[in-house]
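Heads up: the protein sequence lines correspond to chains Y and L, in order.
Residue 27 in this note's numbering sits at position 27 of the first sequence; the count goes up by one each step and never skips.
Residue 1103 in this note's numbering sits at position 103 of the second sequence; the count goes up by one each step and never skips.
Among these hints, one or two may not hold up.
Stated by the list, open to error - Computed list of chain L residues with no C-beta within reach of chain Y, every gap over 12 Å:
no., residue
1, 1077
2, 1079
3, 1121
4, 1124
As the list claims (entries may be wrong) - Selected chain Y positions facing chain L (Cβ under 10 Å, derived; list incomplete):
no., residue
5, 232
6, 292
7, 293
8, 297
As the list claims (entries may be wrong) - One side only, chain Y facing chain L, incomplete, derived with CB under 10 Å:
no., residue
9, 32
10, 34
11, 37
12, 229
13, 294
14, 295
Derived by calculation from the structure, the hints in this document are not laboratory data.
Ideal Cβ placement from N, Cα and C applies to all residues, glycine included.
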Amino acid sequence: MSEPLLRTPCHGWHVANGARLVDFSGWEMPVQYTSITEEHRAVRTAAGLFDISHMGRIVFRGRDACRLLDRLVTNDVASIEVGRVRYALVCNTAGGILDDVLVYRFDGEYLLVVNASNREKIVAWIQEHSEGYDVEIEDRTGDWAMLAVQGPRSLELASGATDVDVAPMRYYRCAPVGILGHAGWISRTGYTGEDGFELIVPAAATSELWEHLLRTGGALGLVAAGLGCRDTLRLEAAMPLYGHELSEQIDPYTAGLGFAVKPEAAEFIGREAVLAAASRELPQRVGLKLEGRRIARGGATVFSGETAVGEVTSGTFSPTLEIVIAMAYVTSASAATGTAVEVDVRGQRVAAEVVELPFYRRPLQ
Amino acid sequence: MDPATLLFSTSHEWLHLDGDQATIGITDFAVEHLTDLVFVDLPEPGRALAAGEIFGEVESVKAVSDLYAPVTGEVTEINTALPDDLDALSEDPFGRGWMIRMTVSDATAAESLLNEIAYRTHCNAAGH
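From just these sequences and the hints, can you work out the full model?
Here is the structure:
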């Protein structure tokens, strides 16, 4: 028997509002309410509200919290100021990526937000490596929930639900905040390529916040948005997804995430292996634009002539660009922008071109 | 086409039979379930199909689904307008959204297809 699926505090709303629910890493999550394309466009032009409560939320407190995190993740934790968020990777000793995470620093505590698919693995990894550190670690995934408001209208929406002025907050900043009278956290972060905020609130207050945002945001064009468009949005923005672009077989440099590796800052686990990878000739993560309407999905082989030169990790029809796009790992010889390649899409060769990432960049305000 | 006059497969194709002339498409249920259609691939006229054989595919943002011939015969015509007018599938799946016409050589397989009421019951029972 498989375990029963976990449900977020908004589950009842999702069901009552016609969401298509799927098993997503052990959680029963909404893929879409109307259509992926419609929800995608709403996020690009107005705003979308996402239930992302399945993301893991782990709190670190105590004298050695920073020192332990610097051991666990590739980025420089010691230099994160209070009120800042930093993207980082957790690597194994071979330099393979165990997860990609966000480290939030608050006054007196750190929050590690991890992928739902990796939460149990990462919690165990932390336990295994925290011996001898004076640190208190709590997995708060269950008693808190997390909502994301994403899109050009998100500032107005977030302002209406919080008791501090969030307008001056810059990208990758975080703060404790009162949300409809409940103590929570807000950050200017997201996984869509748009401006946006992520709100962490007590589970018991989540449903109220969800409905409040939809009620007040309707006039601004806010719609409930599922994980289906979260995937197409992040793909256009070229953000990696664990299990697709990232895995234990991929190191941070191959993934194009060298910016999140600070080997000079700390002796993180996997440091030597990661550094060794940095000096090797590696495949590279690239963007592909495909001809036609067939979608090249994860696992499709990329060819240069008759030679296999790489593999697609994610692909979709881009609702914004209205073309088929994909991310792939290809050999460095085929990685230059403008290189003509072919992709085997279920037995048929489709012409493609290597293009610069991201596919989509939001217009500057 | 009036759905009450059609036969349905559990894989969500519909079949209209008029003597040995068949018209085939996919149901409103299938289209609603797929959503976000981006591509449809249909066979060449002249292609011989056996009942149960894959005759094409329909692709959405999320997934690719194969299309199955409900009866045995030869493809005589395809809806060439459809690949550039996928909205026809959501707006008029039993009319403008038709996919292929066939001359049927063996209609035995049609005997195990469902009428509209049985098909709707099947869709509801599948928990969708």
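Against the structure, the hints come out as follows:
No beta-carbon of chain Y comes within 12 Å of the beta-carbon of residue 1077 of chain L; the shortest separation is about 22 Å. The beta carbon of residue 1079 of chain L is kept farther than 12 Å from every beta carbon of chain Y, the shortest such distance being approximately 16 Å. Distance check for residue 1121 of chain L against chain Y: the nearest CB is about 21 Å away, which clears 12 Å, and the non-interface claim stands. Every CB of chain Y lies more than 12 Å from the CB of residue 1124 of chain L, the least distance being 15 Å, so the non-interface label holds.
A cut of 10 Å between beta carbons decides the hint on residue 232 of chain Y: the least distance to chain L is about 6 Å, and the hint holds. Here the hint on residue 292 of chain Y is kept, as its CB sits about 8 Å from the closest CB of chain L, short of 10 Å. A cut of 10 Å between beta carbons decides the hint on residue 293 of chain Y: the least distance to chain L is about 4 Å, and the hint holds. A cut of 10 Å between beta carbons decides the hint on residue 297 of chain Y: the least distance to chain L is about 8 Å, and the hint holds.
Hint on residue 32 of chain Y holds. Least Cβ distance to chain L is approximately 7 Å, under the 10 Å limit. A cut of 10 Å between beta carbons decides the hint on residue 34 of chain Y: the least distance to chain L is about 8 Å, and the hint holds. Contact between residue 37 of chain Y and chain L, as hinted, is supported at the beta carbon level, the nearest pair being about 5 Å apart and thus within 10 Å. With a cut of 10 Å, the hint placing residue 229 of chain Y at the interface with chain L holds, because the nearest CB-to-CB distance is about 9 Å.
The restraint placing residue 294 of chain Y at the interface with chain L holds, with a minimum CB-CB distance near 6 Å, inside the 10 Å limit. Look at residue 295 of chain Y: its Cβ gets to within about 6 Å of chain L, closer than 10 Å, so that hint holds up.
Consistency note: the structure conflicts with none of the earlier hints.
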